[in-house]
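My request is simple: use the sequences and hints to build the entire structure.
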Amino acid sequence: MKPILHVVLSWALLAPAFSCSPEAKEAPEPDPVAAGPTPYELQRPAIFPRIEQMPADNPLTEEGIVLGRHLFYEKRLSGSNTMSCGSCHVQEKAFTDGKALAVGELGIAHTRNTMSIANLAWFNRFNWDGSAFNLEEQASGPIENHVEMNQHLADAVHELQATSLYPPLFKRAFGSTTITEENVLKALAQFQRTLVSANSRYDQHLLGTKKLSAFAEEGMQLFMTHPEPTIRLRGGNCGDCHGGTLISLKTFHNNGLDITFADKGLGAVTGNPRHDGMFKAPSLRNIALTAPYMHDGRFNTLEEVLDHYNDHMRYDSPGLDPLIREASNEVNGKTLMLTEEEKQKIIAFLHALTDSSFITDERFSDPFK
Amino acid sequence: MYRIRRSGFYVAMLAILFLAACKEEKEGPAATTSVTVSFQHVVGSEPLQLDEVIYTSPAGDSYAVSNFKYFVSNVKLISSAGEQIYVEPESYHLIAQDGKTSFELKEVPAGTYQRLELSLGIDEELNHRIDHLGDLDPSNEMVWDWDTGYKFLTLVGTYTGQTRSGGLVFHIGGDTNYRTLALELPQPLNPRQDGSSQVLLQANVNELFQGPNLIDFDVMNSSGHGSGPSLIAENYTSGFITVLEAK
Chain D
441 MKPILHVVLS WALLAPAFSC SPEAKEAPEP DPVAAGPTPY ELQRPAIFPR
491 IEQMPADNPL TEEGIVLGRH LFYEKRLSGS NTMSCGSCHV QEKAFTDGKA
541 LAVGELGIAH TRNTMSIANL AWFNRFNWDG SAFNLEEQAS GPIENHVEMN
591 QHLADAVHEL QATSLYPPLF KRAFGSTTIT EENVLKALAQ FQRTLVSANS
641 RYDQHLLGTK KLSAFAEEGM QLFMTHPEPT IRLRGGNCGD CHGGTLISLK
691 TFHNNGLDIT FADKGLGAVT GNPRHDGMFK APSLRNIALT APYMHDGRFN
741 TLEEVLDHYN DHMRYDSPGL DPLIREASNE VNGKTLMLTE EEKQKIIAFL
791 HALTDSSFIT DERFSDPFK
Chain P
16 MYRIRRSGFY VAMLAILFLA ACKEEKEGPA ATTSVTVSFQ HVVGSEPLQL
66 DEVIYTSPAG DSYAVSNFKY FVSNVKLISS AGEQIYVEPE SYHLIAQDGK
116 TSFELKEVPA GTYQRLELSL GIDEELNHRI DHLGDLDPSN EMVWDWDTGY
166 KFLTLVGTYT GQTRSGGLVF HIGGDTNYRT LALELPQPLN PRQDGSSQVL
216 LQANVNELFQ GPNLIDFDVM NSSGHGSGPS LIAENYTSGF ITVLEAK
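Chains as they are written, first to last, in the numbering used here: chain D, 441 to 809; chain P, 16 to 262.
I should point out that these hints are in silico values taken from the structure, not numbers from a laboratory. Model, not experiment: these values are computed from the prediction. Not one of these hints is a red herring.
The following label-pair restraints were derived from C-beta to C-beta distances: (1) D:616 / P:67: 48 to 54 Å; (2) D:774 / P:68: 28 to 34 Å; (3) D:700 / P:258: 44 to 50 Å.
Ideal Cβ positions, reconstructed from N, Cα and C, are used throughout, including at glycine.
Right under this line is the structure:
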């Protein structure tokens, strides 16, 4: 049987599944071009929750993802054509840049640290302050912000339209060679939704394919446990905010960094003073690759981060999260009071969150190289 | 030969799919309907408002609530004589003051129901699995670790007691604290065919801290493991959830 006949019959098989109307019973003429882009189904890793972000008006397609990958690494999206999204979101660092604060195309430092990009289809609030509710909306921020890529989206569209590369890619992905701002953002969102990291030692441990070392497994227990000193249950108290298989509960917290807030974080977005100083508890997947740490990159190492939570917490910070305030490994303890060895166990677990296949996956890499 | 077999396969598949796709339309309306179950949260006699209001606990401490969530699972409707039982499939609901406060029981058979049964928490079978039934989600705020299972109830806030003040963190979980409540409806429920029937429940936060165990925040202001959660679980078994009306 010829392949084309397979296509006809497959269509005929699928049609009644959607409708019982008489016209659907006719086998439609196969026309691969008019059929539009090829749907792409994002696989949910076995231990992940349901996919959170898959807007009906921007379904994943193979052509859309290809386009999005090119745009992600396209320097024409910046004002001086010197930076792409990939300039700060570097794959080998789990899509971060190794800097405390991101530096844009004008050489000006941002007020915040570059966030890792992984598993974003499972999240619903983006940026450190939760200011974007979907990836389409998020993508315009860094392009247009003058301390980031510093380019009006409309100007970027003109530049892309003038190339020989992009009009056909847009035609394949969205059906028209005429490039629009909306479709630039949609393609970027599609590519980012395919950046899935789910093959760390932690994943393998949960799936039962490869166990963590005893040391790292004890670190995992400590990580996920809120301490209960009255029954001598020890805990690092990390999982109250960075719990679950995404290693983030997707919530916002004041984690006791400061007593006054130069950057109000969530509070600046919601206008609610109770939210001042609250930032997203990001996923800690690949955290060993994404130093420096915190929304302003103030800590250079994981040891410094653990020291903050264990020893240098600002308990006088207004609105400090009760989940932190009420966590100590000693009865009536004033601080978390982990031992040095416990901190090292937690750090060993954090290293088990590194997914080396994610940072070497060709599909996520720069297509211009 | 190959060609004939392949074609025959397609014909058979077509027939099956047409039947499957059109089956529902050929049947008449089923004699089932839906019933909405809603939750209203109060502290004593006042409505619960996150962050905004200072409440008084049964032991006389002042407190505010910033986060209040709990799992309701395995919901059943039971007829007067117990001869008819409706069991909701995939019955796992995360009820939250700032989130979902109602759900719909679907395809409830016509009948006269006298009792609503529900459980607080997640049954042992699903509590330690990374599954996706109902609102179970291996990365929602109720996740703990897969040894302990889910948090069944979380209440976070701040308090000022007689001798101390600080944060309140009650995380209740653990298989021993999974509790089933049998709630008598104030009058028998005959679910209407238009799906407008509802059962309105009330959860009283103060009941977590009394009856039988009076919780003094000066003594216990956080609880996740050990005996503390069981004290609260005993309390949520009695008087925490009541039926306001069934109509």
